[in-house]
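Hey, can you work out the whole structure from these sequences and the hints?
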Amino acid sequence: MTQKPDTDRPDGDRIAKVLSRAGIASRREAERMIEAGRVRVNGAQITSPALNVTPSDRIAVDGKEISEPEPPRLWLYHKPTGLVTTTRDEKGRATIYDDLPAEMPRVMSVGRLDLNSEGLLLLTNDGGIKRQLELPSTGWLRRYRVRVNGRPSDVALEPLRKGITIEGERFQPMEVTLDRQQGANAWLTIGLREGKNREIRRAMEAVGLSVNRLIRVSYGPFQLGELKQGEVEELRRKVVRDQLGLVLEDDSGTAAKKPKSVKRSPRKPAPRPRR
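Residues 1 to 275 in my numbering are what the sequence shown lists, from first letter to last.
Treat each hint with caution, since some may be false.
Straight-line alpha carbon distances no greater than 30 Å define the calculated DSBU-like cross-link-like pairs of lysine-lysine that follow [as the list claims (entries may be wrong)]:
id: 1; residue 1: Lys17; residue 2: Lys238
id: 2; residue 1: Lys162; residue 2: Lys196
id: 3; residue 1: Lys91; residue 2: Lys196
id: 4; residue 1: Lys17; residue 2: Lys162
Quick list of the computed label-pair ranges, beta carbon to beta carbon [what the hints assert, rightly or not]:
id: 5; residue 1: Gly128; residue 2: Asp154; range: 49 to 55 Å
id: 6; residue 1: Ser153; residue 2: Lys228; range: 23 to 29 Å
id: 7; residue 1: Met104; residue 2: Ala60; range: 40 to 46 Å
id: 8; residue 1: Ser67; residue 2: Gly183; range: 52 to 58 Å
id: 9; residue 1: Gly163; residue 2: Arg32; range: 50 to 56 Å
id: 10; residue 1: Glu158; residue 2: Arg32; range: 40 to 46 Å
id: 11; residue 1: Asn212; residue 2: Lys162; range: 45 to 51 Å
Just so you know, the hints here were simulated from the structure itself, not pulled from any lab data. For each residue, glycine too, the CB sits at the ideal point set by N, CA and C.
So this is what it looks like as structure tokens:
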């Protein structure tokens, strides 16, 4: 249910927003944590997110007091296949958080890539950035390299460019380029701005094609580039500020030293598609 604006709202910010900014969880996840009784403010357990807090309030989650939020940060991560994009998996499968370097702070993923998809995944310590990048109104183009089984023609792909409806769900027009045929498979480049669940796989099935590899190569202005599978690279704060139009707190305005890629234990890198 949508809450009506409270014109008499006290000073401070909603507790879920504060938890999100501190990198604890997304706002929605923070609200669930509150309702489950996992959050205390000034020693008192709360069960409703309809509470404003100020910097003077002491907030604890699962008995641990949260620290002051760090300045907003953003990382590029090359997600391998075989990992789910969630903090906990009910089936006990490995998650991206099992693969991240131990020295990484608490982060949240911007959107998701499914178990069998790979490529660029953005990570942030700031719930505000996560929400901004995931909003449909942001409309950033996400580009993928997709290998399908079959011999598609431009005519067969045209419905995707116009937008199709699958089981009553409308899919917005995609940018689809047929790059080359390689034996029984074809490589496509696909751009989309929505990011619905399994959107590309479902769209391909609708035109008689089966996806056997899917690699996200860009998300808006951010590129996968030469980042190896399992590697993480932090973006300069100036880049984050300029690309997202943010005014970062405690930003001196000086260019930070370019962060180094964090290399993981060796994984067999996926072969790069030959052109």
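Tested hints:
1. Lys17 x Lys238: 24 Å, holds
2. Lys162 x Lys196: 17 Å, holds
3. Lys91 x Lys196: 22 Å, holds
4. Lys17 x Lys162: 38 Å, violated
5. Gly128 x Asp154: 49 to 55 Å: 42 Å, violated
6. Ser153 x Lys228: 23 to 29 Å: 35 Å, violated
7. Met104 x Ala60: 40 to 46 Å: Between Met104 and Ala60, where Cβ atoms are some 23 Å apart, the hint is violated.
8. Ser67 x Gly183: 52 to 58 Å: Check passed, 54 Å falls within 52 to 58 Å.
9. Gly163 x Arg32: 50 to 56 Å: 34 Å, violated
10. Glu158 x Arg32: 40 to 46 Å: 43 Å, holds
11. Asn212 x Lys162: 45 to 51 Å: 25 Å, violated
Consistency note: the structure conflicts with the earlier hints numbered 4, 5, 6, 7, 9 and 11.
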